[in-house]
Amino acid sequence: MASNAAVPFWRAAGMTYITYSNICANLVRNCLKEPFKAESIHREKVHFNLSKWADGKPQKPGTSLQDPYRFSNLIEI
Amino acid sequence: MAMAVFRREGRRLLPSIAARPIAAIRSPLSSDQEEGLLGIRSISTQVVRNRMKSVKNIQKITKAMKMVAASKLRAVQGRAENSRGLWQPFTALLGDNPSIDVKKSVVVTLSSDKGLCGGINSTAVKVSRALYKLNSGPEKEVQFVVVGEKAKAIMFRDSKNDIVLSVTELNKNPLNYAQVSVLADDILKNVEFDALRIVYNKFHSVVAFLPTVSTVLSPEIIEKESEVGGKLGELDSYEIEGGETKGEILQNLAEFQFSCVMFNAVLENACSEMGARMSAMDSSSRNAGEMLDRLTLTYNRTRQASITTELIEIISGASALEAAK
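So the protein lines, in turn, are chains A and B.
Residue 17 in numbering that gives the first Met the number 0 sits at position 18 of the first sequence, and the numbers go up by one each step.
Residue 53 in numbering that gives the first Met the number 0 sits at position 54 of the second sequence, and the numbers go up by one each step.
Derived from the structure by calculation, the hints contain no laboratory data.
Among these hints, one or two may not hold up.
[As the list claims (entries may be wrong)] Pairs of lysine-lysine, DSSO-like flavour, derived with a Cα cap of 27 Å:
id : chain 1 : residue 1 : chain 2 : residue 2
1  : A       : Lys51     : B       : Lys102
2  : A       : Lys36     : B       : Lys71
3  : A       : Lys51     : B       : Lys113
4  : A       : Lys56     : B       : Lys132
5  : A       : Lys56     : B       : Lys59
6  : A       : Lys44     : B       : Lys188
7  : B       : Lys65     : A       : Lys51
8  : B       : Lys188    : A       : Lys51
9  : A       : Lys36     : B       : Lys171
10 : A       : Lys56     : B       : Lys62
11 : A       : Lys56     : B       : Lys171
12 : B       : Lys102    : B       : Lys223
13 : A       : Lys51     : B       : Lys103
14 : A       : Lys56     : B       : Lys125
15 : A       : Lys44     : B       : Lys139
16 : B       : Lys62     : B       : Lys171
17 : B       : Lys59     : A       : Lys51
18 : B       : Lys59     : B       : Lys71
19 : B       : Lys113    : A       : Lys44
20 : B       : Lys125    : A       : Lys44
21 : B       : Lys223    : A       : Lys51
22 : A       : Lys51     : B       : Lys171
23 : B       : Lys103    : A       : Lys56
24 : B       : Lys71     : A       : Lys51
25 : A       : Lys56     : B       : Lys113
26 : B       : Lys65     : B       : Lys201
27 : B       : Lys201    : A       : Lys44
28 : A       : Lys56     : B       : Lys188
29 : A       : Lys56     : B       : Lys65
Here chain B stands alone, though its shape is the one from the complex (with noise of 0.2 Å):
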C-alpha cells in the first residue's frame, strides 16, 4: 500500500522535474535544493505507521488461515489414510499401468477451489500437460475432466477445447464416499475412454506432496490385456462364480474401481491442498514478521533522528540566546 502511495506520489512529481528543464543545467547543488521536500525538516512516519498496520493485519490473518488449514488437515489426514485401503485391493488385481497405449485417454485432473495453497494445482496442471503430450498423436485422442476452480482456470488458456466436463464445489460439504461416486459415475456416462488417467497430489507429510497418476483401464482393455498376457495374464486365474460373463464382471470392477481409486485421489488431494496451505501461510506469516522488524526498524530511527534534530535545534537556539546575552 504504501509503495502505491509512493508510486503515486512519484507520479505527481515527475512533471514538475520535466517543466524545468534549466534547473538540471544551472548546477546539481542548487537544483537538488529545490528538488528537496521545502519547509520540511523531518519525515513523516505517517506512511511507515500505516504500512506497519497493513502488514501486522495481513500477518494476523496468514496467521488464522493456518489455523484453520491445520485444523482441516487433521480431519481429513485419516480419513485419506484409511481410505487408501480401498484402491490396494484393485492395484493387487488389475494393477496400475501408467504406461498403457491406448487410443481414448481422459485425463482427470483434481485440484482445490481455493488458491493460497502453494504451488499444488500448478503441479496437477503440469503432469496433466505431460501426460497429453506424451498420449496424443496420430488417432489417439486426449480430453481433460477438470476438478476444482483453479485447475478449469489454468487449463482454460491453453487447453479448453480438449475439456469435455469440469466439476467445482466439491469441498463444500465434507468429501463422502457417496458424493465423489455420484461424480465418478456423471464422468463415466459423459466421456468415453480406454484408460482414465487420474492426476492428483498424493499426501505424504504436512510438506511433501507427490504429484501422482493413478490409471483405470476400460473393461475392454483389461480383457484384451490379460489375453496378450504380461501384469495382467494372471487374472484369468481367477474362477468366476455365478452366471456372470468375465466381461460384466470386469465393467463391474473397472467401475467400482473408478470410484475407490476417485475417492481416495479427492481425500488425498483435499489433503495435500490442506498441508500446502498450511506451510504456505506459515511462511507468510513469518515474512510478514520479518517485515515487520524491518520496518520497525526504519520507523524508530527515523523518529530518533527527528527527535535528536529537535533537541539539537533546541539547543543551539539556546546557546545563542546565552551567547547573545
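Okay, chain A solo, but in the shape it has when bound (with noise of 0.2 Å):
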C-alpha cells in the first residue's frame, strides 16, 4: 500500500481494494520501458460477459467489459 492516509478517499470514492490495486499495478505496468510496456499492457486484457438475474431471468444482454479500469480517468492525474 503506498500510502495508507489514503484509503478512506478511494473508499469514498466508491472503489475496493481490488480496483484499488489494479490502477496501481496499471501505472507500474505504464512506468516500464517500450517493448515490455506494451507486451505487459496487452497481456492484460480484461473481456467477459456479466449479466445480473432477476426472477429467474438474465437482465438483458450482459456487458461484455472492455474498459478494465472503471477509474481511467484519474490514471492520468
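Join these two chains into a complex; the hints should help.
Right, dumping it as C-alpha cells:
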C-alpha cells in the first residue's frame, strides 16, 4: 500500500481494494520501457460477459467489459 | 447416421407388413420369402461404407481436439500451479472455514463455456447444490453466482430463482489476473454476502480433478470469529501498522483474498477442463477406432460373402453347361 492515509479517500470514491490495486498495477505497467510496456499492457486484456439476474431471468444482454479500470480517468492524474 | 437410415427404412417397411395380415397367417416360411429383399442376392455394402467414413471423420476430429486440449493444457498448467502461491498465505492467515455457519452465503460455481470435457461441470454443479442444501434454512439465504455457459445451462433448470449473476466468455482471451480481479470486483459490488463459497475443480493430474470449495468470509464475519476465538483467534496477535483500524485492514484483505482465490480457482478450473477434455477425446478416439475395426470386419465379411456367392453361381452355371454337353 503506497500510502496509508489514502484509504478513506478511495473508499469514499466507491472503489474496492481490488480496483485500487489494479490502478496501482497499471501505473507500474505504464512505467515500463517500451517493448515491455506494450507487451504487459497487451497481456492484461479484460473481457467477459456479465449479466444480472432477476426473477429467474437474466436481465438484458450482459455488458461485455473492455475497459478494465472504470476509473481510467484517474490514471491520467 | 447409418442407424438413422435403418430406422427410416424400418418405418417405411412397417405399414407394408401391417397391410398384409394374411401373410402372417399363411405360413411362416412363405411370408419370410416375401418379406425378404426381393431380387437382391447380396447385401449392399453402401451403408457400412458410409458409416465407416463418418466414424473415421469423427475420429479425426476427436484426435485433433485432443491435440489442441493437450497444448492448451500445457500452457495453462504452469500458470495454475504458480498461482497457488497466491492463496496460500491467505489461508495461513485467515484459515479456510468451509463449515462456517452464516446467514448469507453466495456460492460461486465455476464451469467451462464449452462442453465435451467429461464430468467436470456436472460435478461442480452437484457440489454447489449440496452446498445450497447445507447452508439453506430458516433465516438463511443462499445465492448463486454462475461462471461459465455450462453450469448456467444446468442451474437454469432448477435453481434459476437463486442466481444473482452469471458470467460467460471469461476464457476468450488467455486468463490473466487483471481480468479475474475485475470480475471479482463486480461480484463483490453486486452481491451481499457473509461467506463466499467458490466451487471449482482443482487440478491434480490430467485424469484427476478434485471438486473443491474455497471459502472467503466477509470482514465482519472474520472479526466476529476472531473475537470468539477458534481458528481465527490468532489474528489479534498481529500488529497493525499505520493509522488504520482492524476493520479497514480486514476489508482490504478480504477483497484481495477473494480476487486471489478467484484467480487461482479460475486457472485450476481451466486446467481441469483441458485435462478432462484431453482424456475424454482420447477415449472417444479410441472408441471410434474400435468401432471402425468392427465395421471393417463386417464390411470385409459381407464383401467376401458376396464374392463367394458370385463365384459359386459362375461355377455352378459352368458345370451345368458342362453337364448339358
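Evaluated hints:
Of the pairs offered as hints, the one joining A/Lys51 and B/Lys102 holds, with about 22 Å between alpha carbons and a cut-off of 27 Å not exceeded. Using a Cα cut-off of 27 Å, the hinted pair A/Lys36 and B/Lys71 holds, with the two alpha carbons roughly 26 Å apart. For the given pair, A/Lys51 sits about 21 Å from B/Lys113 by alpha-carbon distance, which is consistent with the 27 Å threshold. Of the pairs offered as hints, the one joining A/Lys56 and B/Lys132 holds, with about 22 Å between alpha carbons and a cut-off of 27 Å not exceeded.
With a CA separation close to 39 Å, the supplied pair A/Lys56 and B/Lys59 exceeds the 27 Å bound. Note on A/Lys44 and B/Lys188: the hinted pairing holds, with a Cα-Cα distance of about 21 Å set against a maximum of 27 Å. Only pairs whose Cα atoms come within 27 Å are accepted, and B/Lys65 paired with A/Lys51 is rejected, the gap being roughly 35 Å. For the given pair, B/Lys188 sits about 12 Å from A/Lys51 by alpha-carbon distance, which is consistent with the 27 Å threshold.
In summary, the hint linking A/Lys36 to B/Lys171 is supported, as the alpha carbons are separated by about 22 Å, within the 27 Å threshold. The hinted pair formed by A/Lys56 and B/Lys62 fails the criterion: a straight-line CA distance of about 38 Å is larger than 27 Å. A threshold of 27 Å between alpha carbons decides the hint, and for A/Lys56 with B/Lys171 the separation of about 24 Å falls inside it, so the pair holds. Among the hinted pairs, B/Lys102 with B/Lys223 is consistent with the structure: their alpha-carbon atoms are about 13 Å apart, no more than 27 Å.
For the suggested pair A/Lys51 and B/Lys103, the alpha carbons sit about 18 Å apart, so the restraint of at most 27 Å is met. Pair hint A/Lys56 plus B/Lys125 holds up; C-alpha atoms about 21 Å apart against a cutoff of 27 Å. The hinted pair formed by A/Lys44 and B/Lys139 fails the criterion: a straight-line CA distance of about 38 Å is larger than 27 Å. Annotation: proposed proximity of B/Lys62 to B/Lys171 holds, straight-line Cα distance about 22 Å (limit 27 Å).
Taken as a hint, the B/Lys59 and A/Lys51 pair is broken in the structure, with Cα atoms around 40 Å apart against an allowance of 27 Å. Distance restraint check for B/Lys59 and B/Lys71: the Cα-Cα separation of roughly 19 Å lies within the 27 Å cut-off, and the hinted pair is therefore satisfied. In summary, the hint linking B/Lys113 to A/Lys44 is supported, as the alpha carbons are separated by about 21 Å, within the 27 Å threshold. Restraint check: the Cα-Cα separation between B/Lys125 and A/Lys44 comes to about 32 Å, which exceeds 27 Å; the hinted pair is violated.
With a CA separation close to 30 Å, the supplied pair B/Lys223 and A/Lys51 exceeds the 27 Å bound. This hinted pair checks out: A/Lys51 and B/Lys171 have alpha carbons roughly 20 Å apart, not beyond 27 Å. About 21 Å separates the Cα atoms of B/Lys103 and A/Lys56, which keeps this hinted pair within 27 Å; it holds. Note on B/Lys71 and A/Lys51: the hinted pairing is violated, with a Cα-Cα distance of about 31 Å set against a maximum of 27 Å.
For the suggested pair A/Lys56 and B/Lys113, the alpha carbons sit about 21 Å apart, so the restraint of at most 27 Å is met. About 20 Å separates the Cα atoms of B/Lys65 and B/Lys201, which keeps this hinted pair within 27 Å; it holds. Distance restraint check for B/Lys201 and A/Lys44: the Cα-Cα separation of roughly 25 Å lies within the 27 Å cut-off, and the hinted pair is therefore satisfied. In summary, the hint linking A/Lys56 to B/Lys188 is supported, as the alpha carbons are separated by about 20 Å, within the 27 Å threshold.
For the hint pairing A/Lys56 with B/Lys65, the CA-to-CA distance comes to about 35 Å; that exceeds 27 Å, so the pair is violated.
Figure legend: structure checked against the earlier numbered hints; hints not met, in rising order: 5, 7, 10, 15, 17, 20, 21, 24 and 29.
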